[in-house]
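Enquirer: Just so you know, the protein sequences line up as chains E and D, in that order. Under UniProt numbering, the first residue of the first sequence carries the number 1, and numbering increases by one thereafter. Under UniProt numbering, the first residue of the second sequence carries the number 1, and numbering increases by one thereafter.
Some clues are possibly wrong.
Which copy is meant is left open, because identical chains are indistinguishable; a pair holds if it fits in one copy or across any two.
DMTMM-like mimics (lysine to aspartate or glutamate), calculated; alpha carbons at most 25 angstroms apart, straight line [unchecked claim]:
| id | residue 1 | residue 2 |
| --- | --- | --- |
| 1 | K409 | E42 |
| 2 | K458 | D313 |
| 3 | K162 | D313 |
| 4 | K75 | D243 |
| 5 | K123 | E53 |
| 6 | K506 | D213 |
| 7 | K123 | E42 |
| 8 | K409 | E53 |
| 9 | K409 | E29 |
| 10 | K507 | E149 |
| 11 | K507 | E29 |
| 12 | K409 | D313 |
| 13 | K32 | D313 |
| 14 | K156 | D500 |
| 15 | K75 | D313 |
| 16 | K75 | D85 |
| 17 | K458 | D176 |
| 18 | K162 | E29 |
| 19 | K181 | E428 |
| 20 | K409 | E47 |
| 21 | K409 | D424 |
| 22 | K409 | E50 |
| 23 | K181 | D500 |
Bear in mind the hints are in silico, worked out from the structure with no lab data behind them. Here the structure is a predicted model, which means the values were calculated and not measured.
Number of protein chains: 2
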Amino acid sequence: MENAPTPARRSRHGGGAARRAERTAVKIETAKYIERNIPNFEILTAEALEIIEANAETVLAEIGVNFVNNPGALKLWRDAGADVDGERVRIPRGLARQLCATAPSSYVQHARNPAKNVVIGGKNLVCAPVYGPPFVRDAAGGRRYAVMEDFRNFVKLGYMSKWLHHSGGTVCEPTDIPVNKRHLDMLHAHMTLSDKPFMGSVTDPSRAQDSVDMCNILFGADFVQDNTVMTSLINVNSPMTFDDVMMGAMEVYARNNQAVILSPFIVGGAMAPVSVAGTLTQVLAEVLAGIAYNQLVRPGAPVIFGAFVTSIDMNSGAPTFGTPEASQILYGAGQLARRMNLPFRSGGALCGSKLPDAQAAYESAHTLNAALLGGVNFMLHACGWLEGGLVSSFEKFVLDADQLGVLHKLAQGVGVEANDQAMDALAEVGPGGHYLGCAHTQANFQSAFWRTEMLDYKPFETWEEDGARDTQALAAQRVSQLLERYQQPALDPGIAEALDRYIADKKASMPDAFT
Amino acid sequence: MENAPTPARRSRHGGGAARRAERTAVKIETAKYIERNIPNFEILTAEALEIIEANAETVLAEIGVNFVNNPGALKLWRDAGADVDGERVRIPRGLARQLCATAPSSYVQHARNPAKNVVIGGKNLVCAPVYGPPFVRDAAGGRRYAVMEDFRNFVKLGYMSKWLHHSGGTVCEPTDIPVNKRHLDMLHAHMTLSDKPFMGSVTDPSRAQDSVDMCNILFGADFVQDNTVMTSLINVNSPMTFDDVMMGAMEVYARNNQAVILSPFIVGGAMAPVSVAGTLTQVLAEVLAGIAYNQLVRPGAPVIFGAFVTSIDMNSGAPTFGTPEASQILYGAGQLARRMNLPFRSGGALCGSKLPDAQAAYESAHTLNAALLGGVNFMLHACGWLEGGLVSSFEKFVLDADQLGVLHKLAQGVGVEANDQAMDALAEVGPGGHYLGCAHTQANFQSAFWRTEMLDYKPFETWEEDGARDTQALAAQRVSQLLERYQQPALDPGIAEALDRYIADKKASMPDAFT
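Isolated chain E, as found in the complex (with noise of 0.2 angstroms):
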């Protein structure tokens, strides 16, 4: 996969504005996708695995799953040897799984700077921002609905964020762009105030033709046609269902090599049964449908097992995160995926709260910890996710952030080399002592401790005399900082110029629409 750059991918930094640019630029730093040295939660006994992998062959060949108003899809079911009946398709024992067969266990995502490209899939961890949410948050604004400026400044942030590997998609709506418009200045955004890997739109299968089209310009066709650029959300409608939209977006990414994340989306309870092995059933059922359907339209295609579970609260009926149950079903289903040897996307900074407080901490951790332990290879919502995924957080954005390199530093492991085991300086030190000065401290301190860049550590005085303010706050003055102090990436000129020629190009194409 690891091709050589095309032209155009060579030419990219090549012109003088982009080299003065380069030479004035406040350096990002970028932390690698993580890479665990721990091994994986195994919540699932054997005995339970091979339970839930009968039964959802059971559901699969006995209920069947509908695929919608697609008729080229019962086409290639029916071709492929399942009994298709209307809309319904039903898939013999172990064909879904056969199929699946064919999807690699790990891809490069390439991004247009190639030291941020990454590897998802095997014992990785890739994190990736918030998706989705039509409001935004800030501590000085408040709720309200997201626009382009918005989506511009969740980007930057991105951009500016060491322990995030990827610029994610829609890190909100941009309320204020046509529905039928907005796809293409978020792609825009994402390809030049970043120089992470991104995400495609989804929303109609035009528009992940888009998106092609625009990667087209930015890496080149042919390299496109031979790499993987984009990890784009394809979401099933669960129970069961995969809708013509979904799938027209997903047959478009899979035609082009471009990979996707084939994810039920469940408020247990309501989309799927009140029990975790019920839960965990269906979705092993949803995605082996899914992704034997992707491999249908071309094998070997990147594909990545996606599982978006939660839970509802009996009471109101509301959407709950950072449960236990999500954590049970997000552990399972790890265990799931890698049973297929396919790349695991599940996790995320979750919560329910309506600020960044500490109901979202408690939650977000949970979660967050489960996806590092239960083996996610792909977290979509690392960072920024507020209310139910109604809100995208500024300040919640940060914090996450900073998170993330707690999950960095436990994924290393314990080292035991000699300079791991320190007997020198237990010799050195010996009872009664104090390690601060001893040489072995002197000589690992700057890298022995995962530092924060955002919480608080001060003494209660000093911290009362800078105005005793909490978390929230402290995240505010990270905000104004970072996009204070944001510089664009370099891209080529003529790049940039083609993909403001084509979008223009688009937009003047068809009327605006709003729904």
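Take the given structure of chain E and dock chain D to it, following the hints.
Expert: Relative to the frame of chain E, chain D by itself:
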């Protein structure tokens, strides 16, 4: 260990006043301690474990540990075969581990209400509240020195907290009571305001003896000699120093068959090497020496492998909590404890934040998750800890206590009985359907999902109309409600009177001391 109750225990609820009190009591639910049905997370490889264990033996044999101002301990060590040089004790390879083998792998700690007995060890997790802070904080009064009234209120909150199994010990330092007398009032509060198990005093051997004497009144002297009714916290003066005060208290408890937690108290980088493997080596060496000594005092006395370990902010020197290094150490220490077949203490809702805000919750949730997955058997500081242990927070107490419910549910694991599999629901609902109304949901929704008593799941508009309160504000309201609803559990008036008399006599026998 499950002896028949002594006459004193049988008569506890015998009085007419007690019976009347019971009839009008608010029913307080206490969950059974957590019995894990999930695996432990094991971060250390077999090779790493062997290296650390071998290194710990080297530390004991070649560097040794100090038993300060304790000729009796030195004699016991010499008689056991150690090399004693002044106060330095060098322990031949294997000797400490061999001495530790007489300690039980689990034990029952009895509560005065036998329904609230806890089994400490095995796959269990017992949760106890914050221990030690000199300050308290609440939303209304801010941060202030703790007084006995605060202490009593924390004991009441602990009694009312469903997911808290243990009343703890020094839930805050009652600074308005003389240092040499406050242990009497603290024990009295645990014995009379709650019926959950509790901890004894460790600040002086005479106060440990007072704790035993008061338990003799509460449980009956014969019962105490045959059963464990206290689990008390013995910190090691790390690195590798065992002071006479702590060891003196431990000796009292061991001789009386009462349990202690033998716990290195380590801020990594200051009291231990900056590396995880080095810190684990020191923790193991300290625990081996301390527990071996405990077993020299009384073979078979119940004792817990403790590890209170955090790291240091190398910029400010402040201790930090909820860090990835602390989690790695917790996971590793749990493995070391299990290989010694001993109960394990670590974890807690630890944080460095000054307020019960997002920082506090991120940090606490990291450690709560690590404690559950890392096999902790006794979790001190499970709720209420704030500001690096300087502050007991009323709001954080109820917030953390609610979060302990998350751990209870997660620990149950994933059931795969026929009802859990929910195949009837999947068949009934089918593609495109909705699960809320189906038979399986109706039959199971009441117990399907963990329910918070604390967090906010309201729709945004309702939440805004209700005052747009953050988690701290909701917690403040819950603290007030719980304290208003509190009713004292019944206690035999004869026992209550004997406790009062004991305390009055003790207080009259010595002058006040405030240092």
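Enquirer: Determine for every hint whether it applies to the structure shown.
Expert: Verification of the supplied hints:
In the homo-oligomer, the alpha carbons of K409 and E42 lie at most 25 angstroms apart both inside one protomer (21 angstroms) and across protomers (16 angstroms), since each shortest distance falls under that limit. Within a single copy, K458 and D313 get their C-alpha atoms only as close as 38 angstroms, which misses the 25 angstroms cut-off; across copies the closest is 10 angstroms, which meets it. Taking the shortest Cα distances, K162 and D313 sit within 25 angstroms of each other only across copies (19 angstroms), while inside one copy they are farther apart (35 angstroms). Proximity of K75 and D243 under a CA criterion of 25 angstroms is satisfied intra-copy only: 15 angstroms inside one chain copy versus 79 angstroms between copies.
Taking CA atoms no more than 25 angstroms apart as the test, K123 paired with E53 passes inside one copy only; the shortest distance there is 23 angstroms, against 28 angstroms between copies. Proximity of K506 to D213 under the C-alpha cut-off of 25 angstroms is restricted to the intra-copy arrangement: shortest distance 11 angstroms within a copy versus 86 angstroms between copies. For the homomeric pair K123 and E42, the shortest alpha-carbon distances inside one copy (14 angstroms) and between copies (16 angstroms) are both at most 25 angstroms. Taking identical chains as interchangeable, the C-alpha atoms of K409 and E53 lie at most 25 angstroms apart only when they sit on different chains, with a minimum of 24 angstroms there against 34 angstroms within one chain.
In the homo-oligomer, the alpha carbons of K409 and E29 lie at most 25 angstroms apart inside one protomer (16 angstroms), although the nearest pairing across protomers, at 40 angstroms, exceeds that limit. Taking the shortest Cα distances, K507 and E149 sit within 25 angstroms of each other inside one copy (19 angstroms), while across copies they are farther apart (69 angstroms). In this homomeric assembly, K507 and E29 never come within 25 angstroms of each other (Cα to Cα): the closest approach is 35 angstroms inside a single copy and 63 angstroms across copies. Only between protomers do K409 and D313 lie at most 25 angstroms apart by alpha-carbon distance; the minimum there is 15 angstroms, versus 34 angstroms within a single protomer.
Taking the closest pair of Cα atoms, K32 and D313 come within 25 angstroms of each other only across two copies (24 angstroms); inside a single copy the shortest separation is 38 angstroms, beyond that limit. Proximity of K156 and D500 under a CA criterion of 25 angstroms is satisfied intra-copy only: 19 angstroms inside one chain copy versus 66 angstroms between copies. For a Cα distance limit of 25 angstroms, the shortest separation of K75 from D313 qualifies neither inside one copy, at 40 angstroms, nor across copies, at 62 angstroms. For a Cα distance limit of 25 angstroms, the shortest separation of K75 from D85 inside one copy, 11 angstroms, qualifies, whereas the shortest one across copies, 86 angstroms, does not.
In this assembly of identical chains, K458 and D176 lie within 25 angstroms of each other by CA distance neither inside one copy nor across copies; the values are 42 angstroms within and 28 angstroms between. In this assembly of identical chains, the alpha carbons of K162 and E29 lie at most 25 angstroms apart only when taken from the same copy (5 angstroms versus 46 angstroms across copies). Taking the shortest Cα distances, K181 and E428 never come within 25 angstroms of each other, neither inside one copy (67 angstroms) nor across copies (41 angstroms). For a Cα distance limit of 25 angstroms, the shortest separation of K409 from E47 across copies, 21 angstroms, qualifies, whereas the shortest one inside one copy, 33 angstroms, does not.
Taking CA atoms no more than 25 angstroms apart as the test, K409 paired with D424 passes inside one copy only; the shortest distance there is 24 angstroms, against 44 angstroms between copies. Within a single copy, K409 and E50 get their C-alpha atoms only as close as 34 angstroms, which misses the 25 angstroms cut-off; across copies the closest is 23 angstroms, which meets it. Taking CA atoms no more than 25 angstroms apart as the test, K181 paired with D500 passes inside one copy only; the shortest distance there is 13 angstroms, against 78 angstroms between copies.
This entry does not satisfy hints 11, 15, 17 and 19, going by the numbered hints stated previously.
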